[in-house]
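First to last, the sequence lines map onto chains A and B.
Sequential numbering of the first sequence, starting at 0, is according to numbering that gives the first Met the number 0.
Sequential numbering of the second sequence, starting at 0, is according to numbering that gives the first Met the number 0.
Hint data in this document are derived by calculation from the structure and do not stem from the laboratory.
Mixed in with the good hints there might be a few duds.
Unchecked claim - Cross-link-like lysine-lysine pairs, in silico, BS3-like; alpha carbons within 25 angstroms at most: (1) A:K266 x B:K9; (2) B:K56 x B:K9; (3) B:K70 x A:K266; (4) B:K70 x A:K270; (5) A:K271 x B:K70; (6) B:K9 x B:K104; (7) B:K70 x B:K56; (8) B:K128 x B:K162; (9) A:K1 x B:K172; (10) A:K270 x A:K12; (11) B:K128 x A:K271; (12) A:K1 x A:K164; (13) A:K97 x B:K162; (14) A:K18 x B:K124; (15) B:K86 x B:K66; (16) B:K66 x B:K119; (17) A:K12 x B:K146; (18) B:K115 x B:K2; (19) A:K12 x B:K66; (20) A:K1 x B:K146; (21) B:K9 x A:K164; (22) B:K119 x B:K86; (23) A:K270 x B:K56; (24) A:K266 x B:K172; (25) A:K164 x B:K172; (26) B:K128 x A:K97; (27) B:K86 x B:K9; (28) A:K1 x B:K66; (29) B:K115 x B:K70; (30) A:K271 x B:K66; (31) B:K56 x A:K266; (32) A:K270 x A:K97; (33) A:K270 x B:K9; (34) B:K9 x A:K271; (35) B:K128 x A:K18.
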Amino acid sequence: MKNLYLIAYLDLKESIRAKWFLVYSLVFGGLIALFFIAGVTESQVMGFSGLSRLLLMYIQITIVILPIFILITTVRSISGDRDNHILEYMLSFPISLKQYYWGKIIGRFITVYLPVIFAMIIAVVYGFIKGASIPWNIFFLYTGLLFSLSSAFLGIAFFISSFVKSSEVALGISFFVWIFLLAFIDIALISLMMQQRVNEELIIFIAMINPMELFRVAAISLFDPELTVMGPVAFYILDLMSQSVFVLLSIGYPLLLGLFFAFLGFKIFEKKDLV
Amino acid sequence: MIKVSNLTKKFAQHVSLDNVSCEFNKNESIALMGANGAGKTTLIRSILGYYHPDSGKVSIDGFCPVKERVKVLQNISFVPQLPPPIKLNIQELMQYVCMSTDIDKELIEYYSNEMKLDIKANLYKSFFKLSGGMKQKLLIAISLAKKSSIIIYDEPTANLDPKARDDFYRLLKQNEDEKVLLFVTHRLEEVQGLVNRQIYMDMGKVVADERV
């Protein structure tokens with residue numbers, strides 16, 4: 000176990016010193032600061048005001064940028080080390096592949112999750128000082144959603160990293176995965192729905208297995224428990240399960256998806272030539 | 000100690016090692032030579048357990064380096080031809096080495112001093128920011144501190160000045176007993192005084208194996 004913690008600890012230290020981590024932290028911290036400066040907490044749109052509105056805006060932006068940030072900063076962790084012969088030297092020491100791979104994942108998870116959650120904590124503390132009421136239910140839901148979304152994309156990133164030969168290809172695949180999950184599925188599914196060629200339930204099922212879609216829906220479910228903004232789609236979802244089961248699913252499913260891809264990545268890493 | 004039996008390794012259509020068999024035993028210092036693409040590095044990496052062979056096998060003290068890498072690598076020191084751009088600082092790299100291999104930090108410092116590398120003054124410097132010579136000296140110091148029974152050097156003196164080379168040879172002489180020393184080199188004259196066996200490879204095969 001000590002080697003697992005050692006790898007995680009050293010990866011964390013190395014990442015924190017990296018320039019990408021500074022940019023990454025500034026983006027999320029800056030978003031919160033920008034919202035406060037812009038007076039988002041004082042505005043009222045669609046009934047949301049104060050910190051709730053700020054957190055809602057934060058989560059809407061996070062859903063777009065967090066996956067791509069995680070993918071591009073993580074996808075090169077193993078393929079990059081393989082590319083520049085770091086893996087060749089580091090793995091000449093008696094460390095098992097399991098310890099190396101999972102240690103890297105733990106270290107990288109802490110690195111990508113901390114700034115995101117820290118930005119939310121800053122918002123809550125600042126709001127508290129300004130005397131705003133703290134929407135704890137939203138805060139905890141978002142903490143859980145961000146945790147599971149980070150896991151999903153970290154798992155996918157390590158999966159990609161385990162089989163690509165060069166970091167350029169890894170980056171290309173990351174962009175494709177991100178844009179595919181973010182937009183193409185939406186566009187493709189909407190056009191299928193409009194053509195009425197496929198059963199609607201199947202289309203909604205396909206949309207819901209996309210962790211980004213699930214995150215989107217779960218993020219608004221606390222403000223709008225009936226999911227009225229989603230129109231008829233809400234009927235299918237809430238007919239199938241209660242709102243609380245849906246929230247649990249939206250946290251549990253991406254988490255399991257991330258673990259699944261991370262495990263698949265490990266199997267490939269174990270079976271392939273290391274350098 | 001190291002037994003390579005009928006080892007074949009292919010990369011797509013290219014055969015990098017073609018049915019290679021050889022043994023390396025205690026108290027042998029071997030110069031592994033050959034033109035670029037002869038298969039030297041592939042052989043070294045197979046011994047280190049980085050490659051899954053297409054056929055044949057490698058065994059080190061009876062263990063397979065792929066399946067039992069932790070046991071095998073406990074006894075192998077390796078210095079690559081070009082020091083990799085590791086972003087850890089020296090203190091962190093030493094922590095990695097010491098914790099994973101159970102070696103004394105003082106021993107690394109001792110061999111670093113012997114190689115004329117002031118490790119304490121550079122402790123918080125990133126490894127990749129050191130000069131080529133300093134990186135090589137540190138990797139050599141780590142390889143000696145590990146007290147392994149098998150030491151593999153891939154062109155170890157490429158970045159060293161003549162004085163540092165002398166220090167390196169002196170330290171190796173002091174540490175060669177009961178060990179297998181394997182040098183991958185293009186310049187036999189540099190390790191001639193150290194080796195007692197020369198192996199030539201070409202097109203993925205061992206074409207000559209001479210004891211000197």
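Measure nothing beyond the straight line between the CA atoms of A:K164 and B:K172; if it is 25 angstroms or shorter, mark the hint as holding. Cα-Cα ~40 angstroms, so violated.
Hint check: A:K1 vs A:K164, CA-CA at most 25 angstroms. Holds or violated? 30 angstroms, violated
Below or equal to 25 angstroms on CA atoms is what counts here, so check A:K266 against B:K172. 42 angstroms, violated
Decide if the proposed pair is consistent with the structure: B:K56 and A:K266, CA atoms, cutoff 25 angstroms inclusive. Within the cut-off at roughly 22 angstroms; holds.
Given hint A:K271 paired with B:K9 - CA-CA distance at most 25 angstroms: The hint holds at about 13 angstroms.
Mind checking the alpha carbons of B:K128 and B:K162 for me, to see if they're no more than 25 angstroms apart? 22 angstroms, holds
Under the criterion that the straight-line Cα-Cα distance not exceed 25 angstroms, is the pair B:K115, B:K70 satisfied? Violated - the C-alpha atoms of B:K70 and B:K115 are around 32 angstroms apart, more than 25 angstroms.
Could you grab the alpha-carbon distance between B:K86 and B:K9 and see if it respects the 25 angstroms cut-off? Between B:K86 and B:K9 the Cα gap is close to 32 angstroms, so the pair fails against 25 angstroms, i.e. violated.
For a C-alpha distance cap of 25 angstroms, please report whether A:K266 and B:K9 respect it. 21 angstroms, holds
Holds or violated: are the alpha carbons of B:K9 and B:K104 at most 25 angstroms from each other? 40 angstroms, violated
Would you check the hint for B:K70 and A:K266, treating anything up to 25 angstroms between C-alpha atoms as holding? 21 angstroms, holds
With the threshold set at 25 angstroms, check whether the alpha-carbon distance from B:K70 to B:K56 stays at or below it. 17 angstroms, holds
In this structure, the earlier hints numbered 6, 9, 10, 11, 12, 13, 15, 16, 17, 18, 19, 24, 25, 26, 27, 29 are contradicted, and the remaining ones agree with it.
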